[in-house]
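Peer 1: The chain contents come next:
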Amino acid sequence: MQEPVKGTVTPLASLFPPEEAQKASKRVQDALADRQSELDRVQGFIADNTALVNLVQRLPDELHHDIMVPFGKAAFFPGRLVHTNEFLVLLGEGYYAERTSKQTVEILNRRGKALESQVDSLKAMMKDLKAEASFFDATAAEAVEGLVEIREDYVEESSSERVIETGPPKPDSPRFSGEDSMKVAAEDEEYARMMLRFDELEKEELAAGSGDEHNEADVDHSLSQLSGDHVLGSLEERQVRKPLHHSKDEYATTEELLSKKHFEEDFANQLKSKIQLEGLKEQSVPKDSDDVSHGKSFANRATQSSSRGKDNIQALPTSKAETSVQSSKPATDGLKAFTGSIVEHTRNIQMNPREQAPSSSQSSGSQPTKPVSRFKMQRR
Amino acid sequence: MDGLIQEKVQRFEEFVDRRLKPDLVHAIAERDKVFEQQEVFSNLRRNIENLEKNSVTSLQTMVNLGSEVYMQAEVPDTQRIFVDIGLGFHVEFTWSEALKYISIKEESLANQIQEYTRLIASIKAQIKIVCEGIRELLQLPAER
Chain B
1 MQEPVKGTVT PLASLFPPEE AQKASKRVQD ALADRQSELD RVQGFIADNT ALVNLVQRLP
61 DELHHDIMVP FGKAAFFPGR LVHTNEFLVL LGEGYYAERT SKQTVEILNR RGKALESQVD
121 SLKAMMKDLK AEASFFDATA AEAVEGLVEI REDYVEESSS ERVIETGPPK PDSPRFSGED
181 SMKVAAEDEE YARMMLRFDE LEKEELAAGS GDEHNEADVD HSLSQLSGDH VLGSLEERQV
241 RKPLHHSKDE YATTEELLSK KHFEEDFANQ LKSKIQLEGL KEQSVPKDSD DVSHGKSFAN
301 RATQSSSRGK DNIQALPTSK AETSVQSSKP ATDGLKAFTG SIVEHTRNIQ MNPREQAPSS
361 SQSSGSQPTK PVSRFKMQRR
Chain W
1 MDGLIQEKVQ RFEEFVDRRL KPDLVHAIAE RDKVFEQQEV FSNLRRNIEN LEKNSVTSLQ
61 TMVNLGSEVY MQAEVPDTQR IFVDIGLGFH VEFTWSEALK YISIKEESLA NQIQEYTRLI
121 ASIKAQIKIV CEGIRELLQL PAER
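Residue numbers (full-length UniProt numbering), protein chains in the order written: chain B, 1 to 380; chain W, 1 to 144.
It is worth saying that the hints were derived from the structure and are not from the lab.
Mixed in with the good hints there might be a few duds.
Calculated lysine to aspartate or glutamate pairs in the DMTMM-like style (CA-CA distance at most 20 angstroms, straight line) [said to hold, decoys possible]: (1) Lys73(B) to Glu62(B); (2) Lys73(B) to Glu36(W); (3) Lys26(B) to Asp120(B); (4) Lys102(B) to Glu68(W).
Kindly generate the complete structure, drawing on both the sequences and the hints.
Peer 2: Okay, here's the thing in structure tokens:
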């Protein structure tokens, strides 16, 4: 499956030369210094702002204040502030507003908040840069130390198995090509595993089934009575294996298992609750050999999922001649013995080519499949 | 021999880059500062002359409190003016005294500017000489 040699070993120094890492670190440090000076500047603004707020709040306390009035940049006149509750505040773009002390303080507080948010963002940026710088430093140090990077592709072990499970087409091909023995063996294993899983699910169902609908419970009971779960499981396994090795037709039944499972997944999605009941009926049918109910259930299903039925019918003509009779609804009524027919007909289009073989071949093969289907459906 | 020349060229280049060029930048910045001062004083002189011409005795003005917040201020007596004479000292002048001081100050500022201009020129000349020396060391044909 996988190649024996996996993964690569790369010295970190080749990926990130230490000088380069140090250079990068230095650049980040420079950026950090820029941010720091920016931060200092903004914090200076904040200090000015708070000082101004204090001043503006204090000025209206007196009618006038004696000050040195600046006259140009290099000269002053002795003078005084008048109208101490009138401020002219720059709003921006050369527009000024006349405000009182309180209103000015409000404006200044808003400015202060904006500045503080700037400080916050700057601090966050600096934090990021510091992390970056420390990362670069660490990388440089590691590169100098001669650290190596080991990279190994992750290969999912069960990937091939899953393909077989989920993709019926795979089993299909070997059949047509003439049964590659190796493949068959692998599939055989697969089926056995699947069956085991089904058994488990069955047990779970039996354990938890009491809470379900009565019909289901009855069926469960009947199932267990007819054949113990374990027996059933083993039977299934055997049946699965046999067909694989011996006859194409029987092999097809195992495929049918798969396909049926798929179909039922799809189908269950579409008609959840109803299908459950019907599935139960179907299961009960083969065991009881109750033709009428069997036919009915099938008919119901067909009517309920008209589109599906149509698909089946359309697809069937392309399939082998033997199955054509059984594939249609009336045929199922006529051929009571073939319990598997129900399953086949209700299948998805993609399964059709394979359906025919099972329909012709067996009644027994279908039985093991049924519990599987039912549980699948119940699980949905 | 080659190695010696290379070493010398490198030393010359370092001298230009690390000594002369920063010196030049510094000198230009200083001269710009003096230019600014000169402008301030010429403005002040013009303003005082204006006041004299209009014989203003009192004036109203807006004082910047910081962050572009202004307040009205009035000057009841414009006869006396305090002029910055440097190092944070302000001297109380009458208008005529102030004008006399300003003219002297402007002269001194002009001298400073000349000095700085000369300094800048000499630094530029030094840079050129060193570059020329490098060129000779490398025995390159004279450009320009």
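Peer 1: Which numbered hints turn out to be false for this structure?
Peer 2: Those not satisfied are hints 1, 3.
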